[in-house]
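Chains A, B, C and D, in that order, are what the protein sequence lines are.
What the first sequence shows, in our numbering, is residues 1 to 112, in sequence order.
What the second sequence shows, in our numbering, is residues 1001 to 1406, in sequence order.
What the third sequence shows, in our numbering, is residues 2001 to 2613, in sequence order.
What the fourth sequence shows, in our numbering, is residues 3001 to 3166, in sequence order.
Computed list of lysine-lysine pairs in DSS-like fashion (alpha-carbon distance at most 25 Å, straight line):
| hint | chain 1 | residue 1 | chain 2 | residue 2 |
| --- | --- | --- | --- | --- |
| 1 | D | 3163 | B | 1152 |
| 2 | B | 1073 | B | 1059 |
| 3 | C | 2159 | C | 2530 |
| 4 | D | 3163 | B | 1385 |
| 5 | C | 2003 | C | 2047 |
| 6 | C | 2057 | C | 2470 |
Calculated Cβ distances over 10 Å to all of chain D for the following chain B residues:
| hint | residue |
| --- | --- |
| 7 | 1007 |
| 8 | 1056 |
| 9 | 1330 |
| 10 | 1346 |
Think of the hints as simulated: they come from the structure by calculation, not from any bench.
Idealized CB from N, CA, C, for every residue including glycine.
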Amino acid sequence: MEPSDALKLLQNGVPISWYLTLSAVLFATGVAGFLFRRNIITVFMCIELMLNAVNLSFIAFAHQHRQVSGQLFTFFVMVVAAAEAAVGLAIILTVFRNRSTLNIDEINTLRN
Amino acid sequence: MEFLVITAVKLALILFVFMTTLAYLQWVERKVIAHVQVRMGPSRVGPHGLLQPLADVIKLITKEGVLPPHVNKFFYLAAPFFAVFMALIAISIIPFGTSVTIPAIHIGSSTYGPYTTMMELANVNVGILLILAVSSMGVYGIALAGWASNNKYSLIGGLRSSAQMISYELPLSLAIAAPLLGAGTLSLRGIADTQAGYMLGFIPRWAIFQLPFPQIFSFIIFMIAAFAETNRIPFDLPEAENELVAGFHVEYSSMTFAAFFMAEYANMVTVCSVATLLFLGGWQPLWPEAYGSDFIAPLIFFISGAICIYHGLNPARPFDRITLPVFGVIFFGLAGLMAFPPTVPILMPIFWFLAKVGFLLFVFIWIRATLPRFRYDQLMGFAWKFLFPVALANLLITGFLVALFE
Amino acid sequence: MYKLWLIPALPFIGFLINGIFGRRLSKTVINAVAVLSVVLSFLWVVKTGFASDWGAKELHSHYFTWIQSGNFRVGWNYSVDKLTMIMLMIVTGIGSLIHIYSTGYMAHEEGYYRFFAYLNLFMFFMLTLVLAGNYLLLFVGWEGVGLCSYLLIGFYFVKKSATNAGNKAFIVNRIGDFGFSLAIFLIVVNFGTLEFRPVFAAAPGKPVETLTAIALLLLVGAAGKSAQIPLYVWLPDAMEGPTPVSALIHAATMVTAGVYMCTRSAAIFTHAPIAMETVALIGLATAVFAATIGITQYDIKKVFAYSTVSQLGYMFLGVGVGAFSAGIWHLMTHAFFKALLFLGAGSVIHACHGEQDMRHMGGLRKYAPITMWTLLCASLAISGVPPLAGFWSKDAILVATYQHAPWMFWVGAATAGITAFYVFRAFFMTFLGEYKGHGHPHESPASMWAPLVALAALSIGGGYFFNVPKILSGMFPLAEEPDNPMLLAVSIGVGVLGIAIAYYMYVVNTELPARVASAFGSLYTLVYNKYFVDEVYDAAIVHPIVEGSTTVLWHGVDQGVIDGIVNGVGYQSRGIGGILRLVQSGNIRSYATWVVLGSVALLLVLGIAKGAF
Amino acid sequence: MDLFAFLLFAFIAVICAVNVVLQRHPIASALSLVGVMGSLAVLYLLLGAEFIAMAQIIVYAGAIMVLFVFVIMLLNAGTEERRGRSWLAQILGLPAMLALLGLLCFFAYRSFPDAGFAKFGDFRGGTAAEVGMALFTDYLLPFEVTSILILIAIVGAIVLARKELE
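I would like the entire structure built from these sequences, with the hints used as guidance.
Now the structure itself:
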């Protein structure tokens, strides 16, 4: 970018699209973790990472449209994430207690 | 630019004072407990053991830092500093007084100032939330320490403390929420300001007295939960010596060990300051200036100075002849400073604030000297079955009354 | 204003308390709650009576709209007129007495609180039935009392026979209720409302066929509830329940609900002559039939049960010949002396340590004098000996019957004689002669004989002092009383004759009954086995239904068609799933990959659709 | 000024996020995730959502992640064993992920050309008062529903995690 743009950036602050890009990158990272990690807890944390990425874009949109609603969506996402974490970790505990493994490749009871 | 400079100055000042306080808090604690248990306490190093903290610091620094085998090195070393970090962050947003104005200085042709600044590092308008956030982050330090030490005692200690802190954070938050309903702001300074003034001319409008619903209950709940948050007796199960051989920091030595102690005392100071700001009206004096609340500080220092001089004149121990008069002179100086009109509006709030915080810290130490330790199930049961419901009920009543009268 | 709702509410509260907390309460508390609730509601009835000048001033109170669809609405309405007032007095008054009696009789039973909870619930429903201001609410009470009767018949649910009797009562009543509900539907269709007043006001204008249909269907319901031919079979078995239940539900109150309902619907019946005739015939037939069976029974409660059936037949006869008020009169007096008979029987059974067979009793005169004297009053009353209660009402019915059709009168009179005979047969077998049972019989406690005395007083004076036809003269035309001494003489004479024969056969010449029985061998066995009606029903109705439903419905429809469909669907989906499962690797990360691919595809599609590229 | 803040914390966030995926040990991943959340909270502050930023730290970093760490310690989950059978994920995973990333960025740029600029302080709608006002008026029903959801989650967690009593 030519210097004028850089100057504009310095004056006006950060383009919303940068925030969205950041959130996209984080989201993709989460996806990658989900795809390539085998430890079920790590996978679970990657899901949280994706949720966070989405939250960021919510906040960015809220700022863009000057509306508090987007932040409220983030709030609700947090609440849901909390509930999900509680139940999910409980499930992981039970799975570990019954199968004594955390490797999701070995947790395929659904198969047969 | 000047903002940065002023902030830097304040930072240095506060850090110095705070660190010294932490060091000497230990001395105070030992002394108080000693006197509660009718002992002398530290009295060898320096007059009345006043140099004891210095000696401790030197000892801890120069000691060999043992790095046990089979520990997860990164986390083992990161944990204590994480704990200290979190403890220090909280201090940075605690306001401890009103504003101070440095008059303009003329150097040659150029004039600097006048500068006016608030007595705090940062005024965050969600300050109380930040405090909560930091205190909730504090769990990591201990939990990580316990886990990384690769030692079953410390692991149990770590797990216990994380469970305990998570549990007690709910009543703590609820107890904080109740006065906020009356204050209507989340900024610590704003909360303290709403408690200025007097009812009927002499009852301070502090949260614990404030209508429509005095927050005395939430104050008590807050203090109990605070004891648990800072892992102090009677809730110091994470470091229960006789069952866990000092719990999560059993594997730590020298500076890392000292870090945990610093963190604990820093947390104590933070919690007491928050309690003062929320419930005890921050730097608002106990009774109006009209009735001479400004003269109480000089009076106290003058009297203590007088006592020191008196005891110095007819000493109980040989070296009192030298030390006590020195203290006396210092106290007289302080008294004079407190009575010196230009400095009064600056020093009085600080005096009152520190007085209240000091009193609360004394309560902490006092209880440590008095009460036995809980059993773990009692601790959890107390948190969930008693404290949490009570805090909830208190919040409900407060909200109802506030909605009713405002 | 008058708080009519309080009348049923009080027993209901008692039911709630005893039903919910009864297990933890002491017997004293349970007694207090159960008895007080009923007594209080009796007192409230009395207060209401004074307030409404005993029904002369009709009270109607609408509490809330229960059902509303279009312009058809059913309210929760209570209303009180003279008829209701009489019923209320009977139900609550006798109910109170029987509650008091039960505290003594049930003292040593299991499930004490359960018994009183049911009893209170029954009171609630019965009062609702009586107070109802429309057919649907009446039906609610109707079903409710049916339920309570079922529960209480099967009270000793460890006894197979008791549970069977309960089921029998319930099922037979279903048939009657079926007819009743059909009648209600017809009323809704033709009148557009169920409230009594508009229906009866509009009744005269309706075509006779409709009214006849409605009336006959109502009669079916009444026959079921009031144990008339052909649905009477459940009542004798119902005696498996505790005796106070038999007295309260199966003698005094519930079984008379049918009579009450027909009387309440008089406006419909009077415009349906055929239906009236049917009612009269059924009533008469039932009366004779049951009476003859009553002769041969040895179980004291069975005897009284059949006599109840035949007395109910009398009431229907009265209703059928248009003497509604006489029917109600007989309902009242019958409530008095039949309740007394049952309670007395209960007292006797109590005295004989649970023995019910009269052949093992006798000579109780010495041991249970109060029971004997009270029972004597009741027996004389039922035999129509003047001036006791039974005489007046029965005579009123017979007179009305004579004006309607003389032959009915003669049959009715004969039945009266038989009634007198078997009641006194029971009386003599029980109290005279020598005690043939085991153990030492004893008089019952005061809580039991006090109600007996009260009822005895009512059985003596009740008929004379409460002249129902006069009270109800406003609602129903007062049958003009032709002083026909012949009828009077006959109706008294048969009674006395019956008593005399009974005395001769069972006191003077005690082996005569056996010879009579052997003389009419086959006839006797026929009667003794209740004309084999139960067996006939079993063969003709029950068995075919069971067989049919087993073969056709169960094996045919259910297993064949329905299961076939369900399983077929199951097989199909399993087949499809077998193909789809190839996609399901069971590996979460593969699934995740699919999800990601899907979202990529979705984004692409959206972008193309929006023309982004 | 806040451009630098953004760049700094975005950098930290990305580094930590990658670390979450790359770290072999769950605890390390968990702490990196805490780092992500912390830096995101700062970004929220930059975007004027101060309440949500604090909630982010309290709820996410302070409660949920503590729960994670707790469970990891409880199960003493070591570094994961490297046995995998998901060829699909191995082969298609990376391209699919990259495609998704590319598409997302493309749409981000396309839907928000340089028009929108986020400058610290020109949107003050995120104060606790504002959020609370919106939460208890327009969004009251969702709010109450979430409370029910939380309750259900609590019950479910207890039922799942409690020891079977022999």
